[in-house]
Amino acid sequence: MAVSAASFAQTGPCTLVLSGQVFDEHDGQALSFAEVFIASLGKGAVADEQGHYRIEGLCPGTYQVRVNHLGCEPTTREVRLNSSMTIDFKLEHHAEQLRELEVIQARPDEQVGQPTRSVDREDMERASGTGVAELLARVPGVTVLATGPTIGKPVIHGLSGNRVLILNQGIRQEDQQWGSEHAPSLDPLSADRITVVKGAASVQYGSDAIGGAVIAEPVELPRQAGIGGELRGIGQWNGRGGGGSALLEGGLKGVTGFGWRVQGSGRYVGDSDAAGYTLSNTGLREWSGSASVGYRDHRRGVSVYYSRFTRELGILRAAHIGSTTDLQRAIDSGEPWYTAPFSYAIDAPRQTVAHHLLRAHGSLAVSDRGRLEVNYGYQANDRQEYDIRRSGRSATPALDLWLATHTADAVLKHWLGKHMHGKAGVSALAQENSNIPGTGVRPLIPDFSKKSIGAFVIEHLPVGERLELEAGARVEGTVLNIRRFDRDGQYQTPEHRFTNAAFACGANYVVSDSARFRFGLASAYRPPHVSELYSEGLHHSAAAIEEGDAALGSERSVKATLDAEAALFKGRLRIDATLHASRIDGFIYLRPDGTRLTVRGAFPVFRYTATDALMGGVDAAATLRLGKKFAWRMRGSTVRARDQRRDEWLFLMPADRVENGLLIRMAAIGRWRDFEAGVTHQAVFEQHRVPEGLDFAPPPATYHLFALSASSTRLIGKGELRIGLQANNLFNEAYRDYLDRFRYFADARGTDIVLSVRYAFGSRRSGN
Amino acid sequence: MNIKHIPTRKLALALSVLLAIAACKPEKPESPANTPPPNEEELITSVRAYFTHSITNEVVEFSWVDADGDGGNAPVITGGELQPGATYAVSLLLLNETESPADTISNEVAAEAEEHQFFFSTTGGSLTWVSYGDADPNGLPVGLVTEWSTSVAGAGDLTIILRHEPNKSAAGVSGGDITNAGGETDIEVLIPYAVL
Numbered sequence: 001m002a003v004s005a006a007s008f009a010q011t012g013p014c015t016l017v018l019s020g021q022v023f024d025e026h027d028g029q030a031l032s033f034a035e036v037f038i039a040s041l042g043k044g045a046v047a048d049e050q051g052h053y054r055i056e057g058l059c060p061g062t063y064q065v066r067v068n069h070l071g072c073e074p075t076t077r078e079v080r081l082n083s084s085m086t087i088d089f090k091l092e093h094h095a096e097q098l099r100e101l102e103v104i105q106a107r108p109d110e111q112v113g114q115p116t117r118s119v120d121r122e123d124m125e126r127a128s129g130t131g132v133a134e135l136l137a138r139v140p141g142v143t144v145l146a147t148g149p150t151i152g153k154p155v156i157h158g159l160s161g162n163r164v165l166i167l168n169q170g171i172r173q174e175d176q177q178w179g180s181e182h183a184p185s186l187d188p189l190s191a192d193r194i195t196v197v198k199g200a201a202s203v204q205y206g207s208d209a210i211g212g213a214v215i216a217e218p219v220e221l222p223r224q225a226g227i228g229g230e231l232r233g234i235g236q237w238n239g240r241g242g243g244g245s246a247l248l249e250g251g252l253k254g255v256t257g258f259g260w261r262v263q264g265s266g267r268y269v270g271d272s273d274a275a276g277y278t279l280s281n282t283g284l285r286e287w288s289g290s291a292s293v294g295y296r297d298h299r300r301g302v303s304v305y306y307s308r309f310t311r312e313l314g315i316l317r318a319a320h321i322g323s324t325t326d327l328q329r330a331i332d333s334g335e336p337w338y339t340a341p342f343s344y345a346i347d348a349p350r351q352t353v354a355h356h357l358l359r360a361h362g363s364l365a366v367s368d369r370g371r372l373e374v375n376y377g378y379q380a381n382d383r384q385e386y387d388i389r390r391s392g393r394s395a396t397p398a399l400d401l402w403l404a405t406h407t408a409d410a411v412l413k414h415w416l417g418k419h420m421h422g423k424a425g426v427s428a429l430a431q432e433n434s435n436i437p438g439t440g441v442r443p444l445i446p447d448f449s450k451k452s453i454g455a456f457v458i459e460h461l462p463v464g465e466r467l468e469l470e471a472g473a474r475v476e477g478t479v480l481n482i483r484r485f486d487r488d489g490q491y492q493t494p495e496h497r498f499t500n501a502a503f504a505c506g507a508n509y510v511v512s513d514s515a516r517f518r519f520g521l522a523s524a525y526r527p528p529h530v531s532e533l534y535s536e537g538l539h540h541s542a543a544a545i546e547e548g549d550a551a552l553g554s555e556r557s558v559k560a561t562l563d564a565e566a567a568l569f570k571g572r573l574r575i576d577a578t579l580h581a582s583r584i585d586g587f588i589y590l591r592p593d594g595t596r597l598t599v600r601g602a603f604p605v606f607r608y609t610a611t612d613a614l615m616g617g618v619d620a621a622a623t624l625r626l627g628k629k630f631a632w633r634m635r636g637s638t639v640r641a642r643d644q645r646r647d648e649w650l651f652l653m654p655a656d657r658v659e660n661g662l663l664i665r666m667a668a669i670g671r672w673r674d675f676e677a678g679v680t681h682q683a684v685f686e687q688h689r690v691p692e693g694l695d696f697a698p699p700p701a702t703y704h705l706f707a708l709s710a711s712s713t714r715l716i717g718k719g720e721l722r723i724g725l726q727a728n729n730l731f732n733e734a735y736r737d738y739l740d741r742f743r744y745f746a747d748a749r750g751t752d753i754v755l756s757v758r759y760a761f762g763s764r765r766s767g768n
Numbered sequence: 001m002n003i004k005h006i007p008t009r010k011l012a013l014a015l016s017v018l019l020a021i022a023a024c025k026p027e028k029p030e031s032p033a034n035t036p037p038p039n040e041e042e043l044i045t046s047v048r049a050y051f052t053h054s055i056t057n058e059v060v061e062f063s064w065v066d067a068d069g070d071g072g073n074a075p076v077i078t079g080g081e082l083q084p085g086a087t088y089a090v091s092l093l094l095l096n097e098t099e100s101p102a103d104t105i106s107n108e109v110a111a112e113a114e115e116h117q118f119f120f121s122t123t124g125g126s127l128t129w130v131s132y133g134d135a136d137p138n139g140l141p142v143g144l145v146t147e148w149s150t151s152v153a154g155a156g157d158l159t160i161i162l163r164h165e166p167n168k169s170a171a172g173v174s175g176g177d178i179t180n181a182g183g184e185t186d187i188e189v190l191i192p193y194a195v196l
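Protein sequence lines, in the order shown, are assigned to chains C and U. For reference, each letter of the first sequence is one residue, going 1 to 768 in my numbering. For reference, each letter of the second sequence is one residue, going 1 to 196 in my numbering.
Worth double-checking, as some hints may not be accurate.
[Stated by the list, open to error] If you want the ones that stay clear, here's a sample from chain C, every Cβ over 12 angstroms from chain U, calculated:
no. : residue
1   : D368
2   : F630
3   : Y738
[Unchecked claim] To be clear about the criterion: a stretch of chain U counts as covered by chain C if any three or more of its residues have a C-beta under 8 angstroms from a C-beta of chain C, and this derived list gives those stretches:
no. : segment
4   : 59–68
5   : 179–190
Just so you know, the hints here were simulated from the structure itself, not pulled from any lab data. Just so it is clear, CB atoms sit at the ideal spot from N, CA and C, and this is done for glycine as well.
Just chain C, with the same shape it has in the complex (with noise of 0.2 angstroms):
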């Protein structure tokens, strides 16, 4: 305070106290963070979450008050100070009101042209006890790519795995993503919201963003002193299982801008049930922690995160086969081969998985029109895979592989002009794959190092009211380098080069208060993955011999997507949709090439090829509220794929799927609050538009769910409690999904009961 108490000669006590809140001008919502200075003084405040500010220690007098929020146009205003006094301040957004670069967090930017949509913590309450694909399929356009009842990756408008960029924290998450059964090694709970971005989004965040980008953005650590809190339990009857988790936070008492957060969660689950029978050995652990501490004002700001994620799953016995005579057997059945009582024990064929996450976040306004932000990550990815083998060798693994990645990006965000803003930053990657010797068998995929450097800009341009516009480019430089033996026992080391560049453009116009689009265009790329060129080997699941190709080149592919938004009858009717159109040249897939007569028969070999294919489709929404209590929600996609090179459907594609719900709302009953219950049914159709010969099975046919939830909350002394109720696929519908890779051996899951309890005090609070 020795800045202000020694330079200014105001008479009067100094002990005057400007307070208040800042609000965005258009719609009446608190601006986060928004910056209140007094220049003349050097002192300043920053704003709340919700916008509250509080300035000390002030003379009276009159004083220019300065009032900053990147993304809007800074206020200035004149205030005369006889006493303290409360002072509302509203700043006018930029055509675009809903989209914003925030000053002090390190939240993703939303792309202007881009159809973005969020699940917040809300949502993850509603989808308690599943992982992060299950929860992101709640998004209209999302769906789950799944091998049994434990392992369950995103798929976005039809892509998922090497397609689908996951950033986590901040970092691009690093973990063996390109194998079909490997899930995302990532805690939904270690994220406050996860973003889904449905286009192609290269420019912004490198290589792989092809089908989209999943965003579990960074936590918001506190920055007023006190402890916040909550504490979640789940119990499920399927399973028989349940989890729980746990979360602290705070601040530092008379450092404002200073805050942690430690948060721990586990599960604990055991076989699942069918509708007629168990699937044994589908049980699940997963154990994971994380901490961050972290300081931040409006001028810099300082962050560390670290996280650790295991997890352990066992993989259906009954889909462990031998031959192509096992797996055809296993189609002709219609039923497991292996069934046992229901167990919590986890026998090979298993998984073990561990992902660390380290993460130093820096940042710092350069000028008042500029700030600089620095971002490292460390990813260690440690993967064990356990199959069923002879002599006690199941306990040795016959996968094991160690990847290693370090990520570093530097962007400065920055005005030009008066209107013009964005982004320019440079990006590099350094990642290390290795086969930790001892399994006994030939690597799947050989060792490899991979380096990556990148360079881009963005730029948005409000133009009049009503419109936005963003344009931006990037290139990108890959070298790999593998270490292998070849089949004579030869060491080889191949090195490989890619460059790529990516452009994007997008218009956000916003035709009234009710109505908006968002048009874009943008292109992604994907150098081929090490498996994609180097495979060898035999899928044990999928009895088929997969080989790689190591004349592969990258896949490009150019996207467009437009976006509507629109409330109707004052609100009554909400609607959005997403319409979309990509094509994707030097498309990978795996295509039969033969057979090869092996110990145990005769396989399919499976050869990865590319083809350019041509995909497009919508995904829907609407909620129509009815009375006061009452609302209608519709959700739905549909997605179409062509091979066009061999004039053919595309394999794998998500079949249309449809969902209706009717909800009640109600505000209070007794001393519950936000009561909210549901009924939703959901059909998925068959896929019938399948290309010949690739797959060994015919679709499986159209099924139905319905399911029940139910959830209220209350305050229980400080704190606050939510329980829910959650009853899926109701009626135990024997069904099989076809994007579950299991579909050969066993139905999917049948009724389950989930119950969630949480309870929440301090700044974790929902009123807060």
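Use these hints to put chain U onto chain C, whose structure you have.
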């Protein structure tokens, strides 16, 4: 709050926490650089069936050998010639010949006899599988040793199947009927024969 003076201290605090966390960053397991790929321990490169004539004790060898394992060179399949109207005792030998000396996989099968069972079938009608000649500790058949018989002259193929974790007590399985056996296939090879 004075925005100029506080951060340094807190920055230092935050940085020290960073260092503390970085200090416990995970360590990669030790692995010498450029370790050559292991020989496949699970691999079965050779299936050899020795047919011993019950009277003359003459031994005829049938073999299915894929010396370099899956992929690479195609397997070498060598059939055999048997005499008509005879009975044969057949013993099986399974080897992994990528190891040196060769790993005798049939010993592993014998050690885990309860979890394994061989099944046989033939075409051509001149060669017939008769019965199992061995048993696991539960008294159920394994099939490393079997009895066969030949009839008139002719030719065909014999199929040898090894199932891991079959349901040996299911109907017909202990009598050599594979229909209800379940389990997963470890071996499924086809070898030609001739009865002259």
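Here is how each hint holds up against the structure:
no. : hint    : in the structure
1   : D368    : holds (15 angstroms)
2   : F630    : holds (49 angstroms)
3   : Y738    : holds (25 angstroms)
4   : 59–68   : holds (count 3)
5   : 179–190 : holds (count 8)
Violated hints: none; the structure is consistent with every hint.
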